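There are 2 protein chains.
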Amino acid sequence: MGMKVEQVLHMVGGAGETSYATNSRVQEKAIFEAKPIVEEALREVYKTALPESMVVADLGCSSGPNTFHVVFEAIDIVDDQSRRLGRPPPEILFFLNDLPGNDFNSIFQSLEGYEVKLKEEKQERIPPFYVVGVPGSFYGRLFPSRSVHFFHSSFCLMWLSRVPPGVESNIGIPLNKENIYISETSSPAVVESYQEQYQRDFTTFLQSRFQELGFGGRMVLSFLGRTSKYAPSGELSQLWGLLAEALNAMVLEGILQKEKVDAFNLPFYAPSMEEVRAVIQSVGLFDLDRVEIFKSNWDPFDDSSDDRIYDNIISGENVAKSIRAVIEPVIARSFGEQILDNLFSRYAKNVARHLLEEKTKHHVFVIALKIKV
Amino acid sequence: MGMKVEQVLHMVGGAGETSYATNSRVQEKAIFEAKPIVEEALREVYKTALPESMVVADLGCSSGPNTFHVVFEAIDIVDDQSRRLGRPPPEILFFLNDLPGNDFNSIFQSLEGYEVKLKEEKQERIPPFYVVGVPGSFYGRLFPSRSVHFFHSSFCLMWLSRVPPGVESNIGIPLNKENIYISETSSPAVVESYQEQYQRDFTTFLQSRFQELGFGGRMVLSFLGRTSKYAPSGELSQLWGLLAEALNAMVLEGILQKEKVDAFNLPFYAPSMEEVRAVIQSVGLFDLDRVEIFKSNWDPFDDSSDDRIYDNIISGENVAKSIRAVIEPVIARSFGEQILDNLFSRYAKNVARHLLEEKTKHHVFVIALKIKV
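Read top to bottom, the protein sequences are chains A and B.
For the first sequence, my numbering gives the first residue as 121, with consecutive numbering after it.
For the second sequence, my numbering gives the first residue as 121, with consecutive numbering after it.
By construction, these hints were calculated from the structure, which means they are not laboratory data.
All values reported here derive from a predicted model rather than from experimental measurement.
Every residue gets a Cβ at the ideal spot worked out from N, C-alpha and C, and that includes glycine.
Heads up, none of these hints are tricks.
Not everything, but these chain A residues come out facing chain B in the computed CB check (under 7 Å):
hint : residue
1    : V254
2    : P255
3    : P264
Looking at chain A on its own, in the form it has when it is part of the complex:
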């Protein structure tokens, strides 16, 4: 505990081999799947508000090609929609948000290259657009009131604002030993603490965005969820369980201190769709416009839809790389940089073994929300 998520949680910066920018194919696929839903929502927002200047915010933009996918997709859609309605294309202001530890320098320095490419591709006039960076947690206010038309967030909302307090007792004794997320061996109190934290965080998120959205405002949110009713039996419990297994093995070999691993837990929660709906309903500010659930193989490079595993060793390595790009800073902060290679090579093997038993898939939830009228 004591870890402040806002300072530690961020994707691996730069563009190197272990960077998020080169290991974000799961997220890329989710953006692709959500595209029609984003498109519909953006068209509706534009039609309702008919703004001369449109404001789009991406929450948890990270740094890498995905960041710009969303920007350019939005430019295309808004441009097209304005033409259909016979209006001059609006200017578009993009707010790219992420936690302060995100590599904004890298986004800003690659922006010009993407702009040049976009202009070449389109071979035509692009509506004027402006890209700015917004550091801060989306579990709180980020923008002035009624200043945003459309919010997008991809693959971020399963990260909580903090590790739930219930993972330790009142006097600081770890209660979720050997686990790093909820599992079948977690106590009901620990599971409940995770669930409460999720409800509190998602509530704050919805309330904050409601303040920030203007007339006709909409959001499209995609995140990892689970299809099992019982929280600790979801696919994410398996995914993180295999990482916990690697950490515990390193404890047995004397590489890591048992106290550290016992005290370590992820600020993460994969909700069921029922839990998502329950929070939206209890907040009462948004209507749920669309709901989709996509399956996505754990191995980001396996695009097959059958249950066959082609090469479990390679798939294990691919999964380990994609997970490492996301949680390396969190792991390094708690256990030191020097254990990273060792840990993730064990993790790759554990995942490979697991995939032989079952070709597990992520469940990506995509929901479209609009402000209640």
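Got chain A; can you put chain B on it based on the hints?
Okay, now just chain B, sitting in the frame of chain A:
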């Protein structure tokens, strides 16, 4: 030539000994001197527009304590003015702009610390504010139309968008050899090219800001100028002349190639107030509301107003450090990192020698502009 200013020109990042953050006292003093002018302009903007949500942009914010001085000053003034007028304090959105090479990560990561300090200092409710980063050259559009209430720019507008093309002949032969800025030995054609570049850049600046400012919008701009009528006899010609001297000495000693030094010129121009007024008048979009010229000793740590030099050696070193924090990336790009210590230690000595002859001062121009009605 061939150097793209937008990619190279930026202050030294981080918070180390040679960083801009720790070597920006000249700029800090300018902000202090300009404070009453900024205050008056902000009060007027607020009174005219009475926005529920106010947008303030700092152009060329760099990274360091000065960045936040401006933000917190603006919060104070706007908060106070709204109370005086018996209105609820507006939300304030700050756009912090600089070139993409600026260390935005460092700004974003230090923001929270400054916010905590501000809240402690004020011991009272602070109006809600939001800080975002905007990468790009202010010699062009940065924001949607009519989206900003107030522009501030401190110590940036003397940097041009590029090295003026007239420093070399049509076939690429250097015409301003041994100089890195205009000097008494520069040809009239070179001087004219610098002046034309300044006029073009400042014109673009004013036209862009006019588009971006809303009703009642104002700007306060401070930058280095010169009081001499003849451009090559200004104090900046002396300041850069002493750096050119160091570069030329290193050529004689075989440390630097003569061709490289001959081809090197700074994208910089210190205008006279007449030149500033002429551009504003020819653009015709703004009224010049206030004009002030402040003197500031070259040595940022010498706050005396007399003509005595206390320790010319130390002053020379102070000047060299403050200049290095600003132009190190430009120098390193052309001549390599390895020459930096050598060059700036020579420069410190040259400045020390010069200060014995004359305690030269910067002339800081502060102008307040408002949109013509």
